[in-house]
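Since chain V is already given, all that's left is putting chain C on it; use the hints.
2 protein chains.
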Amino acid sequence: MNDILNQRGILTVVSGFSGAGKGTVMKRLMEKYSGYALSVSVTTRAPRENEEEGIHYFFRSREEFQQLIREDALIEFAEYQGNYYGTPRRYVEDCLSEGKDVILEIEMQGAEKVRAKYPDAVLIFVTPENFDQLRKRLVNRGTETAEQIAGRLKRAAEESVYMKDYDYIAVNMDGAVEECVDRIHDILQCEHTRISRNSEFIERIREEAGKGAE
Amino acid sequence: MNDILNQRGILTVVSGFSGAGKGTVMKRLMEKYSGYALSVSVTTRAPRENEEEGIHYFFRSREEFQQLIREDALIEFAEYQGNYYGTPRRYVEDCLSEGKDVILEIEMQGAEKVRAKYPDAVLIFVTPENFDQLRKRLVNRGTETAEQIAGRLKRAAEESVYMKDYDYIAVNMDGAVEECVDRIHDILQCEHTRISRNSEFIERIREEAGKGAE
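For the record, the sequence lines run as chains V and C.
The numbering used here puts the last residue of the first sequence at 214; the count rises by one with no breaks.
The numbering used here puts the last residue of the second sequence at 1214; the count rises by one with no breaks.
Bound conformation, chain V alone (with noise of 0.2 Å):
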């Protein structure tokens, strides 16, 4: 029923733990299903091994994103750890344009920006069943030290007070990605059909009502 609903996308930002899974999560929902597009963030940061210009981040000098600010052309940045990180607008209002869901993978402090801006945005935290899971699936990466991993579950503990600003949990269980990129999908569909994005649909038929009713 959607192609006949609010054709626009839907500004998408998903937040969560570091070590919840959104990576993966986000790359199964491109993968699984069509309508969707990934922002590429900029940043000032380096490139690590294997990162692509335009695949992973967009990468620039301070100048070059300070002039980014300047002419208003980011929806938000952030400073984090000494580097600037933002989200190129032009993309964004292409994509939401085209009826593409925009998916914005961001920090806290960024969607609490995203949402100042477009109140219609939908903010969705992705979190695992509970706290030990994380530190089990930190611990088992194994590619960080003890203190790393204390450093990122100092961080977990801080980003936890920021969930309640969210509209939707999505839980990626151990085991159950699928599910997680489903209930995602699930979620912006149904939003699709919420009343508040389909002011057209309504008018129309209203009018159509005030016609046939004659």
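None of these hints come from the bench; they were simulated from the model.
None of the values given here were measured: they were computed from a predicted structure.
One thing to keep in mind: the hints can contain errors.
[Claimed, not checked] Using 25 Å as the maximum straight-line C-alpha spacing, the simulated BS3-like pairs for lysine-lysine come out as follows:
hint, chain 1, residue 1, chain 2, residue 2
1, V, 154, V, 136
2, V, 154, C, 1211
3, V, 136, C, 1211
[As the list claims (entries may be wrong)] Quick look at which bits of chain C chain V covers, simulated, 3 or more residues with Cβ under 8 Å:
hint, region
4, 1026-1039
5, 1079-1085
6, 1141-1148
7, 1156-1163
8, 1194-1207
For each residue, glycine too, the CB sits at the ideal point set by N, CA and C.
Positioned in the frame of chain V, the structure of chain C alone reads:
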């Protein structure tokens, strides 16, 4: 994931134009999915042929109905074409506590009253794709005179004003009842993952995070 989230049922109002196929959609929703309870209204109107006490309605006298009003035993009630219709509170609240989503299939007048008393209720409006389809369905039923059909269409035109007060549109397209049923199910599944309905889960994660990061 819903079994680890909010366990309280969601009060759900389903309204729609007469001829939109609400009855069929509700019947299929109950058959196809578990976890729903359909509320049975109380009315003072006389039973029609094939209508059973406690299944289609609870049939009561005007005096009995007024007693229910005085006892605050109804969530909402309205007078329509000289008869009272109301929703019994007890059944609804018992089901919600048991974790069932309770569906009220009621008129727009009643929907507004439910929203006022239960701000977290979900209001869904079932509509055909266009008004012409509504007219065709009423004609094809073959059970009503041209005058009665004109009356229903006129009423639908009046009712279309209330669409904007609902949360979601469920379009019941010709030959696609299952899609409409599945969408209503999805809407409620997703509503269970709303942040505003999951303060307990969030509180638990925050506590675990606080301890886990020490």
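These are the hints, each one checked on the structure:
no.	hint	in the structure
1	154/V to 136/V	holds, 15 Å
2	154/V to 1211/C	holds, 10 Å
3	136/V to 1211/C	holds, 15 Å
4	1026-1039	violated (count 0)
5	1079-1085	violated (count 0)
6	1141-1148	violated (count 0)
7	1156-1163	holds (count 5)
8	1194-1207	holds (count 9)
Checked against the numbered hints listed earlier, the structure breaks hints 4, 5 and 6; every other hint is satisfied.
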